[in-house]
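Peer 1: What follows is each chain in one-letter form.
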Amino acid sequence: MTTREIFDAMSYGPAPESAAEAMAWLDKHDRRFGPFINGAFAAPGETFATKNPATGEELAQVTQSTGGDIAAAVAAARRAQPKWAKLAGHERAKYLYALARLVQKHSRLFATLETLDNGKPIRESRDIDIPLVARHFYYHAGLAQLLEAEQPGMEPQGVCGQIIPWNFPLLMLAWKVAPALAAGNTVVLKPAEYTSLTALLFAEISREAGLPKGVLNIVTGDGRTGAALVGADVDKIAFTGSTEVGRRIRQDTAGRGIALTLELGGKSPYIVFDDADLDSAVEGLVDAIWFNQGQVCCAGSRLLVQEGVAPRFHEKLKRRMDGLRMGDPLDKCIDIGAVVDPVQLETITRMVDANTEGETYRAATPVPSGCFYPPTLITGLSPAARLMQEEIFGPVLVSTTFRTPAEAVELANNTRYGLAASVWTENVNLALDMAPKVKAGVVWVNGTNMFDAAAGFGGIRESGFGREGGWEGLLAYLKPAGKAKPAVAIAPVAEPANPEATGLDRTAKLYIGGKQARPDGGYSRAVWSARGRLLGHAGIGNRKDIRNAVEAAHKASGWAKAPAHNRAQVIYYIAENLSARAEEFAARLQAMTGKPGKAEVEAAIRRLFTYAAWADKFDGAAKSVPLRGVALAMNEPVGVIGALCPDEAPLLGLVSLMGPAIAMGNAVVLVPSQAYPLAATDLYQVLDTSDVPAGVVNIVTGDPAELAKTLAGHLDVDAVWSFAGADLAKLIETESAANLKRTWIGGARDWTGPSGEGREFLRQATEVKTVWVPYGE
Amino acid sequence: MQTDSLSPAKTAAHQLPQLAHARNPGTGLDLDWVASVQANTSAIERRAATLPGRRSVKKAYQAAWLCKAISLIDLTTLSGDDTEGRVKRLCAKARQPVRADLLEALGMEGLTTAAICVYHEMVPTAVAALEGTNIPVAAVSTGFPAGLSPLKTRIAEIGESVRAGAREIDIVISRRHVLTQNWQALYDETRAMREACGEAHMKTILATGELGTLRNVARASLVCMMGGADFIKTSTGKESVNATLPVSLTMIRAIRDYEAATGFKVGYKPAGGISKAKDALTYLALMKDELGHPWLQPDLFRFGASSLLGDIERQLEHHVTGRYSAANRHAMG
Chain A
0 MTTREIFDAM
10 SYGPAPESAA
20 EAMAWLDKHD
30 RRFGPFINGA
40 FAAPGETFAT
50 KNPATGEELA
60 QVTQSTGGDI
70 AAAVAAARRA
80 QPKWAKLAGH
90 ERAKYLYALA
100 RLVQKHSRLF
110 ATLETLDNGK
120 PIRESRDIDI
130 PLVARHFYYH
140 AGLAQLLEAE
150 QPGMEPQGVC
160 GQIIPWNFPL
170 LMLAWKVAPA
180 LAAGNTVVLK
190 PAEYTSLTAL
200 LFAEISREAG
210 LPKGVLNIVT
220 GDGRTGAALV
230 GADVDKIAFT
240 GSTEVGRRIR
250 QDTAGRGIAL
260 TLELGGKSPY
270 IVFDDADLDS
280 AVEGLVDAIW
290 FNQGQVCCAG
300 SRLLVQEGVA
310 PRFHEKLKRR
320 MDGLRMGDPL
330 DKCIDIGAVV
340 DPVQLETITR
350 MVDANTEGET
360 YRAATPVPSG
370 CFYPPTLITG
380 LSPAARLMQE
390 EIFGPVLVST
400 TFRTPAEAVE
410 LANNTRYGLA
420 ASVWTENVNL
430 ALDMAPKVKA
440 GVVWVNGTNM
450 FDAAAGFGGI
460 RESGFGREGG
470 WEGLLAYLKP
480 AGKAKPAVAI
490 APVAEPANPE
500 ATGLDRTAKL
510 YIGGKQARPD
520 GGYSRAVWSA
530 RGRLLGHAGI
540 GNRKDIRNAV
550 EAAHKASGWA
560 KAPAHNRAQV
570 IYYIAENLSA
580 RAEEFAARLQ
590 AMTGKPGKAE
600 VEAAIRRLFT
610 YAAWADKFDG
620 AAKSVPLRGV
630 ALAMNEPVGV
640 IGALCPDEAP
650 LLGLVSLMGP
660 AIAMGNAVVL
670 VPSQAYPLAA
680 TDLYQVLDTS
690 DVPAGVVNIV
700 TGDPAELAKT
710 LAGHLDVDAV
720 WSFAGADLAK
730 LIETESAANL
740 KRTWIGGARD
750 WTGPSGEGRE
760 FLRQATEVKT
770 VWVPYGE
Chain B
0 MQTDSLSPAK
10 TAAHQLPQLA
20 HARNPGTGLD
30 LDWVASVQAN
40 TSAIERRAAT
50 LPGRRSVKKA
60 YQAAWLCKAI
70 SLIDLTTLSG
80 DDTEGRVKRL
90 CAKARQPVRA
100 DLLEALGMEG
110 LTTAAICVYH
120 EMVPTAVAAL
130 EGTNIPVAAV
140 STGFPAGLSP
150 LKTRIAEIGE
160 SVRAGAREID
170 IVISRRHVLT
180 QNWQALYDET
190 RAMREACGEA
200 HMKTILATGE
210 LGTLRNVARA
220 SLVCMMGGAD
230 FIKTSTGKES
240 VNATLPVSLT
250 MIRAIRDYEA
260 ATGFKVGYKP
270 AGGISKAKDA
280 LTYLALMKDE
290 LGHPWLQPDL
300 FRFGASSLLG
310 DIERQLEHHV
320 TGRYSAANRH
330 AMG
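Here the protein sequences line up with chains A and B, keeping their order. All letters in the first sequence, in the order written, are residues 0 to 776 by numbering that gives the first Met the number 0. All letters in the second sequence, in the order written, are residues 0 to 332 by numbering that gives the first Met the number 0.
I should point out that these hints are in silico values taken from the structure, not numbers from a laboratory. Where is the CB? At the ideal position from N, CA and C, for every residue including glycine. Check the hints yourself; a few may be wrong.
Stated by the list, open to error - Here are some of the chain B residues that sit facing chain A, going by a computed Cβ distance under 8 angstroms:
| id | residue |
| --- | --- |
| 1 | Ala42 |
| 2 | Tyr60 |
| 3 | Trp64 |
| 4 | Arg252 |
| 5 | Lys287 |
Isolated chain B, as found in the complex (with noise of 0.2 angstroms):
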């Protein structure tokens, strides 16, 4: 079955000066392709828990992957006692994400995270913080995190922030639209939302932890992609459980499978539970083996993540010093 698409014509003036690639217009939606998409997930766990141990990166590779990772972070707080001076303390840290001495002796200056990610209230505040640096700013948005306000006032959201100056806008998808298996309306509700992006960003949060199954979350990833997403997030960090590799490995897939079948690149957000410089390590390796070297770019990957950063402050000052670090000698963000 086949619905509109958003225009090529359109989508060709929507690049932002990082992309390296044509902006994923969307698709036409495609129930068929939808009903065959396969997901087993005792199969895929196996994948996934092998991963660890099939890759490894080491001294200097390991230094030069975890700058990468930084530079990957969507640095982000979305607390309900988020304040100006919180936000503007993160921003801060965006720019500076590790210590000058460390990124000297690295070779590293001018290392900055990938975003800075906030609700809509903060965004003005973020925005003002990085006057200066091309360091975008993400809201999260349309009643994040749930999503069950109501579908005007989710897209008015979008546009709201868009207009206080997001580049980047991360949606929530209606978990019951993929429970109750309605693409059609899971797909108009992501088209609605691209629309309302306009040239801003759109990061569309599965909360797969709230999917029920792999197989859901692999076909709600296809419809957001048929929807028009730049990209497919894992969580929004507010479910009992978030990023995880089969979870990944199973988006990932479906990132591919789009690709083949229609050329269009959609970029990758794993968000929440990645706290390990690791754990990172693992993700970029999956990046790099399952999809190739522009989904380890800004563009095309992201890290939602919080604690993250200061883990990899950590691993990167033992690697320079040869001594294991202390928290408290990097600066907070």
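In isolation and in its complexed conformation, chain A is listed as follows (with noise of 0.2 angstroms):
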């Protein structure tokens, strides 16, 4: 075209970043590579192709890492943690500031690289990917330079395997592999099998960074690579994938003693109100689902938009989809570029050409011939419709239309994910009234996919668990100092030979919803004490008796939305009339037990004391992020929590997990010590007493291993704690990967001591939502 044509038509031309450097560094490597372990790259094995997903063209052959591959990268991990773990705070933020330099200097080519092999546009992998990695590097230099002062007590877990997916193959890395390296730990990183390039580079790069030999080991490969590594000798496992992967590596995981963080799917929704700055909730939207292609974990792919100003608002959007450019990735006037992979492009047409339901539309833009799919926009779906339950990950935006904020608040959480949210109105108060109402780990008002390292991100539900960024991602490196011993299972005294039985009959209950009730199956065990007499019967729960204690738990749901001092008054109230029965208290323990009981009573009332007094004090945080407005780190309950209790301290045990949980907002389904269940039945009167709302704290004796398989399984249930003495972490694990709850198998420790309550308790009671409030007029 002629300059004067250029002029007439005022088009586009093309604006390609040149791709030479990033082929050039292909091309020192003779365009193959092996796994990188202890320091160098390692021999390549077996490979496969990495392609260019925008042209076809195949970039490098990078290798399938065997079992032995991750065996020898396991063990230079192993070998180098030690000394890693051990050096000084600042020295380990020395190797983490300089990685982050290293980024920064060598940023085009990160970025170049990255789009290559991602199909990402340039702009969002030079503006966005990698300045959020070098970010992420500073922002754990300091958390490692403040650790040993700020986390007196914990120590790392050890070698982590770490899998990451290929939507941000880059800074999927630095989310892992910064927190792990900055709390001490060495890592085996295997990223995905699509965009296995960026993450070789940083390998090579963390070279000039003087990193020890082992700290960082990269094994690339397929799923085979990624199972062969969860099933390698590890301390803790991270992964952020699918679903699906997560729920296998949960169930692979069980029962090892090894920590788990998922990062997994989501639908999150995406809220208009009418009041809404309509055009920058379009705006919006771009940065949601045509994103990266809508390949992202948070997308928000579920458009709730008030019913009346959806027609307004869908017609300002497809006349915004109309205008996204799709083509070369590399070219930095594009807006949308190449979906990762022709199976990625498969599935994803799969699925919306299945619908058959609403309307849509498709962005009358271009669609370049390959690996490319159109904005799209699917209206008048229903909540039943399978495209607005099921993740698409793809540039597809699925709406439906509500008329109150509480069905707003009803269509958002009608999902089994619950990773992020968007709630577009002027109004403050509705707001802030949203954030807190909406199931998601992250709430953006008025924007959406802000991200950053102060700033925790992560899931609830059957989006995973664990945060990553800021204090809380750190945490989730961290374990407390010291061996863990395994809880102590205790055997309930056996009927004695000649039994004795005197005194009148009192029958113990279990207590569900704040009653009295009889157990489902009609069982129960007699309890003895440690000299032989009858002490009274337990009942035994069995699965129906779970399922009706979790029906109660959940229909007292206003206990988490009580002020925090009303929770503290009723948790005084519970210690004031414990103190009131102490002598009674301590007479049944040492009945049941044949040791003195004052003072596990008397801890008992302590620890209530400690949790009336958390109770409005367990403060969320507002994030130093960048940005002109907070990020508020809120502290919310789990929801209902299984908690199976210790046998060794059979009231104050149950006390400490009762108290944490109900102090923050959390309603419980307890499981006595199936030794010594009757402090617990006993206490259930004093529950009764201090103004307790029905429901909030259910007591079901029983067998720990029959009653903590329904709870695990339960899929209305959010967290299962197990202190019991029988060894059921394997059980609790593989059976919470049906609704991917929160586990906590907690050892043996010394319930009177610190160790029986504080932080740690607090932090297992509690999700970090983290809700960005950006403002400015």
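Reassemble the complex: the two chains are provided individually, in unrelated frames, and hints are given to aid placement.
Peer 2: Dropping the structure here:
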């Protein structure tokens, strides 16, 4: 075209970023890569092609790492770990700082390589991914620096296996590697098979930072390599990817005593109220669902728009969609690049084509041939439509309408996921009311897809557990110092040869929904004193009792909304009433255990005071994010927690689990010690007289193993804690995969001392929700 | 709430030759609509911040786009020390904005700026100096820049400038009406000024740097369009903050909404603070993406600028020769 013709047409010409440097780097490695183990690239083994999805052109051959490679990498990480952990925080900070600087110094090479390998527009890799990577390493250099002073009594997990997805290859590496290294762990990381190259470049560059050998190992490969890493001798697995694979990892790691964090899928609601700045909300959607071709776990993929403005909003949206430019991801003037792989394109196409509901609008923008999918909007879907429920992981937005804020909340939460949400309104009252009500780990007010190293990111429900970013993210790579001891099981006192039964029969029942309930099965078990006297009977709860208890717990949802001061008052009141009956409880403990019970009762009263105190003091935080606004880290209750109580302190142990749970606003289903259940059943009388609302505390006695199975498999239980003597870890962790609830397998501990209370318990009782509130007028 | 609007019959006759679309006749004042207008500053700023990174034009495209930018410039002098000589020099620059050899190399002979923008006293000089071209003269008016002289005088000033040959009148609005949310007064004033403009095109200067919030900018934009503005313009160039991308985004969204509701296209003129060729490209991409091709023509888009042209000239020479240019190689305006 002549200048004059362009002058008339005013079209955008090509504006390609040069791939020459990235290609030269690939050539330098003869376009063949082995895994990076113990500070060096191993010789390539069996390899597979990694391609540029925009062109289909092969970029390099990457090794399908074998079990042997994994073993070598884990061994290298294991060897390096003690020395790395022993370094002063300042020393690790210097390495992380160097990594941040190196990422910046090689930023264009990283960006170009990322775009070549993944297909995302160069604008995104250049302006979003890579700057966030650098920021993540800077921030975690700071955490390493401050760690010893700020987290006393904590130590690294050890060797971390990390498995990351293909949608933000280098950024997800940063989110995993930076906190792990800052905390003193060493790493074996597996990048996604489609996108290994920037991880390999990062590994190479880490040598320029002088990172000690074995601290960072990269093993490339497909799902088989990932499975091998999950099965390896590691201390923690951190995974970001699909809910399906996350579930499998949960099952595969069950009972192995290793830490796990999962950041999984989502179907995040994007809620537009009628008083929103509609144009800005439309623009937000561009950043929500047409960012990275919609291949974003927290993409605002489910548009909920208030009915009155829906037609206008959809019109604006369609017009904006038409203006999106698709094409060569290396072009600096492109909005939508290539889908990562033909397999993913096929998945998106199949899901959308199978939909028969609503009205489908495809952006009127030229679609290049190859691995591209046009921006798509499907309006008029019902909540039951498959596309409203399932993650598409492509540039496809589905939409429905709502009438009231309450209905918006219902629709927003009508999902198995709970990763992120956006709320658009100019009404601050409405925005701040919605934020706590939406079930999600992250809420953006009048914005979307805001990320920062200082702010926690992660989900609830089937979006996984654990946070990345901030102190809360670092804590996922730490554990209390010292070797954890497994809980000790105490067998119930067997029926004596000459049983002694005296006094009036007292029947202990279950405690469900604020009422005493007979066990559904109609079975009871005799409880004998250490000296062979019949102390009473405890009901043998079964799965139906658990079902009823969980239902009752959900009905107590008002507890979470009660002011923390009120919760504190109730907990003080429990302490007060327990104190009034201290002698009776001490005698009961003595009768059951044969040991004096006074100290335990006193400790239980102290513990209740501790959590009454904590109820209004486990504060969230206002994070220092680079934004005019605030990012609030709010500690929200987990929901309904099932807790299997320890045998060794039948009253104090139970109170030590109930206390933090209810102080933080959770409802609990407690399974008392099977050996000594009567302290718990006595306690419900105390609860009854202490203004504890019905359903906040439920007590089901019975066989911990059987009840644990039901609790852990229950799809409406949000967390299960086990301090039961029996080794239930494998059972609980396996069953928990059903809805990916949080689990906490606690070991034996001194319940009377500091290890029996405090922040560890409070963190287990809360989810950090990050609420981003940008402001400015 | 509806009040009377200019009749469409009257406006049909008021089209300038270059006009490819019906002139905005204005509408009644719809206060419900005005009240419903929202502008989320933070979101708008975030969008604006990413604009330069989202669009890029290179090589021949860049040269063509920069020529387009020149064709959209209201070459402006608004100084207390303006003289006839100064204005004549500027008009000469408007006729020949780029060195002839460069235009020839680009195949862009005949390129001129969109208009000349001067104070009333300089209108006759400018009209005479531009005789034989189709370059219109725009006069700033209505007590520019503060707009605080008597309404009667301000209206009369428009008539004077039109009679002196100005084909475009850049009026300033009463900022106080916006700051006190007196939309009726703003509407009435705009309507009266539009009447006074007659066939001359009216650009309403919002002085956005003095309106306090983007919400006010959005609402004032809408009221001015209801009042019959042909263009809405950001600034006088005399405020401490002039045209910015967030303000521009806010105003062009208002233009888009107004067109969607009424079918009438209203032009946009960012003024002040746009001095780099790269900024001009960002603005053009913004107009193209947000409003479309019609807003890349002088009847719907103008740059109010004085130093922008110099930077573009240097970029064009670089494009033609491959060498970075120097200011002294290009004629002064």
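Peer 1: Of the numbered hints stated earlier in the document, which are not met by this structure?
Peer 2: none
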